[in-house]
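The whole structure should be built from the sequences, with the hints applied where relevant.
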Amino acid sequence: RIFSPSRLGGDKLVARAEPVEITEIAPEEDRLERGSLLHLLLEHLPDSPPQDWPALAETLGAGPQVLAEARAILSDPALAWIFAPGTLAEVPLSTPWNGDLLLGAADRLIVTPDVVTVVDFKSNASLPAGPDAIPEAYLRQLGAYALALEGIYPGRRIDTAILWTGGPQLMAVGADIVREALARATNP
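In terms of our numbering, the sequence shown opens at residue 27 and continues consecutively.
Label pairs and their calculated CB-CB ranges:
#1 Gly125 <-> Pro80: 43 to 51 Å
#2 Glu206 <-> Asp78: 38 to 46 Å
#3 Gly193 <-> Asp126: 28 to 36 Å
#4 Pro76 <-> Gly193: 16 to 24 Å
#5 Gly177 <-> Arg210: 19 to 27 Å
#6 Leu129 <-> Ala201: 16 to 24 Å
#7 Ser30 <-> Gly87: 17 to 25 Å
#8 Gln77 <-> Arg27: 43 to 51 Å
#9 Trp107 <-> Asp78: 20 to 28 Å
#10 Arg57 <-> Gly36: 15 to 23 Å
#11 Ser120 <-> Gln77: 32 to 40 Å
Honestly, the hints are just simulated from the structure, not real lab data. We put the beta carbon where it would ideally sit given N, CA and C, even for glycine.
Written out as C-alpha coordinates, the structure reads:
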(Lines of atoms letter the chains of each structure in order from A and count residues from 1; the text may use other names and numbers.)
(Lines give C-alpha, C1' and ligand atoms only; values in the text may rest on other atoms or scores of the structure.)
Protein backbone atom coordinates (compact mmCIF):
# COMPACT_ATOMS: atom_id res chain seq x y z
CA ARG A 1 0.00 0.00 0.00
CA ILE A 2 1.05 3.59 -0.65
CA PHE A 3 0.66 6.36 1.94
CA SER A 4 1.17 10.10 1.59
CA PRO A 5 3.44 11.72 4.22
CA SER A 6 0.84 14.48 4.57
CA ARG A 7 -1.86 11.95 5.51
CA LEU A 8 -0.28 10.01 8.38
CA GLY A 9 -2.81 11.17 10.93
CA GLY A 10 -2.45 13.63 13.76
CA ASP A 11 -3.80 17.06 14.42
CA LYS A 12 -3.21 19.86 11.89
CA LEU A 13 -4.42 22.69 14.12
CA VAL A 14 -1.77 24.98 15.56
CA ALA A 15 -1.88 25.08 19.38
CA ARG A 16 -0.80 28.12 21.40
CA ALA A 17 -0.89 30.03 18.17
CA GLU A 18 -0.18 33.63 17.40
CA PRO A 19 -2.52 34.96 14.70
CA VAL A 20 -0.89 36.09 11.47
CA GLU A 21 -2.33 38.88 9.39
CA ILE A 22 -3.46 37.30 6.14
CA THR A 23 -5.71 38.88 3.56
CA GLU A 24 -9.36 38.28 4.26
CA ILE A 25 -10.22 34.82 2.95
CA ALA A 26 -12.84 33.03 4.98
CA PRO A 27 -14.06 29.80 3.40
CA GLU A 28 -11.86 26.73 3.92
CA GLU A 29 -11.61 25.99 0.21
CA ASP A 30 -10.38 29.55 -0.44
CA ARG A 31 -7.64 29.14 2.21
CA LEU A 32 -6.65 25.82 0.64
CA GLU A 33 -6.63 27.35 -2.84
CA ARG A 34 -4.54 30.28 -1.60
CA GLY A 35 -2.04 27.84 -0.05
CA SER A 36 -1.85 25.81 -3.26
CA LEU A 37 -1.28 28.93 -5.36
CA LEU A 38 1.39 30.16 -2.96
CA HIS A 39 3.14 26.78 -3.19
CA LEU A 40 3.07 27.04 -6.99
CA LEU A 41 4.58 30.51 -6.91
CA LEU A 42 7.31 29.45 -4.47
CA GLU A 43 8.08 26.55 -6.78
CA HIS A 44 8.29 28.53 -10.03
CA LEU A 45 9.17 32.17 -9.27
CA PRO A 46 12.74 31.57 -8.00
CA ASP A 47 13.76 30.40 -11.49
CA SER A 48 12.50 33.61 -13.14
CA PRO A 49 13.61 37.24 -12.93
CA PRO A 50 11.42 39.33 -10.58
CA GLN A 51 10.13 41.50 -13.44
CA ASP A 52 8.52 38.35 -14.92
CA TRP A 53 6.78 37.35 -11.68
CA PRO A 54 3.46 39.19 -12.28
CA ALA A 55 2.93 37.53 -15.67
CA LEU A 56 3.94 34.12 -14.31
CA ALA A 57 1.62 34.55 -11.32
CA GLU A 58 -1.23 35.41 -13.67
CA THR A 59 -0.47 32.35 -15.83
CA LEU A 60 -0.57 30.17 -12.70
CA GLY A 61 -3.88 31.73 -11.62
CA ALA A 62 -2.54 33.63 -8.61
CA GLY A 63 -3.84 37.10 -7.85
CA PRO A 64 -1.89 40.12 -6.61
CA GLN A 65 -2.33 39.30 -2.90
CA VAL A 66 -0.83 35.83 -3.24
CA LEU A 67 1.96 37.25 -5.43
CA ALA A 68 2.69 39.87 -2.75
CA GLU A 69 2.98 37.12 -0.12
CA ALA A 70 5.32 35.09 -2.36
CA ARG A 71 7.38 38.21 -3.13
CA ALA A 72 7.77 38.94 0.61
CA ILE A 73 9.09 35.42 1.18
CA LEU A 74 11.41 35.38 -1.83
CA SER A 75 12.86 38.81 -1.05
CA ASP A 76 13.57 38.01 2.61
CA PRO A 77 17.39 37.83 2.90
CA ALA A 78 17.15 35.31 5.76
CA LEU A 79 15.31 32.89 3.46
CA ALA A 80 17.37 33.40 0.29
CA TRP A 81 19.39 30.19 0.82
CA ILE A 82 16.19 28.12 0.55
CA PHE A 83 15.46 29.45 -2.95
CA ALA A 84 19.03 29.85 -4.21
CA PRO A 85 20.11 28.43 -7.57
CA GLY A 86 20.78 24.71 -7.25
CA THR A 87 18.11 24.11 -4.64
CA LEU A 88 15.31 21.75 -5.60
CA ALA A 89 11.54 22.30 -5.66
CA GLU A 90 8.74 19.74 -5.35
CA VAL A 91 11.11 16.81 -4.99
CA PRO A 92 9.42 13.40 -5.23
CA LEU A 93 10.41 11.15 -2.33
CA SER A 94 9.53 7.56 -1.51
CA THR A 95 10.64 5.09 1.11
CA PRO A 96 9.54 1.76 2.57
CA TRP A 97 7.63 2.15 5.82
CA ASN A 98 6.15 -0.58 8.03
CA GLY A 99 5.86 -2.96 5.08
CA ASP A 100 4.20 -0.32 2.90
CA LEU A 101 5.44 2.68 0.92
CA LEU A 102 5.50 6.39 1.73
CA LEU A 103 5.25 8.52 -1.39
CA GLY A 104 5.19 12.31 -1.44
CA ALA A 105 6.93 15.48 -2.59
CA ALA A 106 9.08 17.80 -0.49
CA ASP A 107 8.44 21.50 -1.07
CA ARG A 108 12.13 22.45 -1.05
CA LEU A 109 15.37 20.49 -0.76
CA ILE A 110 18.80 21.99 -0.17
CA VAL A 111 21.63 19.50 -0.70
CA THR A 112 25.22 20.16 0.39
CA PRO A 113 28.11 17.72 0.75
CA ASP A 114 27.43 17.31 4.50
CA VAL A 115 23.81 18.29 5.11
CA VAL A 116 20.48 17.81 3.36
CA THR A 117 17.75 20.19 4.47
CA VAL A 118 14.10 19.60 3.66
CA VAL A 119 11.75 22.57 4.05
CA ASP A 120 7.99 22.17 4.07
CA PHE A 121 5.75 25.20 3.45
CA LYS A 122 2.72 25.76 5.67
CA SER A 123 0.29 28.59 5.02
CA ASN A 124 -1.73 28.32 8.23
CA ALA A 125 -3.48 31.40 9.54
CA SER A 126 -1.61 30.95 12.85
CA LEU A 127 1.98 30.28 13.80
CA PRO A 128 2.97 27.93 16.61
CA ALA A 129 4.84 29.45 19.55
CA GLY A 130 7.73 27.05 18.88
CA PRO A 131 8.62 23.57 17.63
CA ASP A 132 6.88 21.93 20.59
CA ALA A 133 3.57 23.41 19.37
CA ILE A 134 3.82 22.20 15.77
CA PRO A 135 0.83 19.99 14.92
CA GLU A 136 1.51 16.25 14.99
CA ALA A 137 0.53 15.74 11.34
CA TYR A 138 3.23 18.19 10.21
CA LEU A 139 5.88 16.50 12.37
CA ARG A 140 4.96 13.09 10.94
CA GLN A 141 5.21 14.48 7.42
CA LEU A 142 8.71 15.83 8.10
CA GLY A 143 9.62 12.50 9.70
CA ALA A 144 8.60 10.69 6.51
CA TYR A 145 10.72 13.03 4.39
CA ALA A 146 13.69 12.59 6.74
CA LEU A 147 13.33 8.80 6.57
CA ALA A 148 13.37 8.87 2.76
CA LEU A 149 16.34 11.26 2.65
CA GLU A 150 18.36 9.12 5.06
CA GLY A 151 18.12 6.31 2.52
CA ILE A 152 19.00 8.55 -0.44
CA TYR A 153 21.86 10.41 1.28
CA PRO A 154 23.47 7.97 3.73
CA GLY A 155 26.08 9.56 5.97
CA ARG A 156 24.72 13.09 5.61
CA ARG A 157 22.94 14.95 8.37
CA ILE A 158 19.26 15.47 7.54
CA ASP A 159 17.76 18.74 8.78
CA THR A 160 14.04 19.47 8.70
CA ALA A 161 12.22 22.78 8.88
CA ILE A 162 8.87 24.40 8.26
CA LEU A 163 8.53 27.72 6.48
CA TRP A 164 5.41 29.35 7.92
CA THR A 165 4.52 31.52 4.94
CA GLY A 166 2.32 33.94 6.88
CA GLY A 167 5.25 35.22 8.93
CA PRO A 168 7.27 34.46 7.03
CA GLN A 169 9.12 32.45 9.65
CA LEU A 170 11.47 29.52 9.20
CA MET A 171 11.28 27.06 12.10
CA ALA A 172 13.90 24.33 12.40
CA VAL A 173 12.57 21.07 13.81
CA GLY A 174 14.94 18.64 15.50
CA ALA A 175 15.59 15.23 13.96
CA ASP A 176 14.52 13.41 17.12
CA ILE A 177 11.19 15.23 17.18
CA VAL A 178 10.24 14.22 13.63
CA ARG A 179 11.51 10.64 14.03
CA GLU A 180 9.44 10.18 17.20
CA ALA A 181 6.37 11.65 15.49
CA LEU A 182 6.71 9.26 12.56
CA ALA A 183 7.09 6.36 15.01
CA ARG A 184 3.74 7.35 16.57
CA ALA A 185 2.03 7.05 13.18
CA THR A 186 0.54 3.72 12.26
CA ASN A 187 -0.54 2.47 8.88
CA PRO A 188 -4.27 3.19 8.52
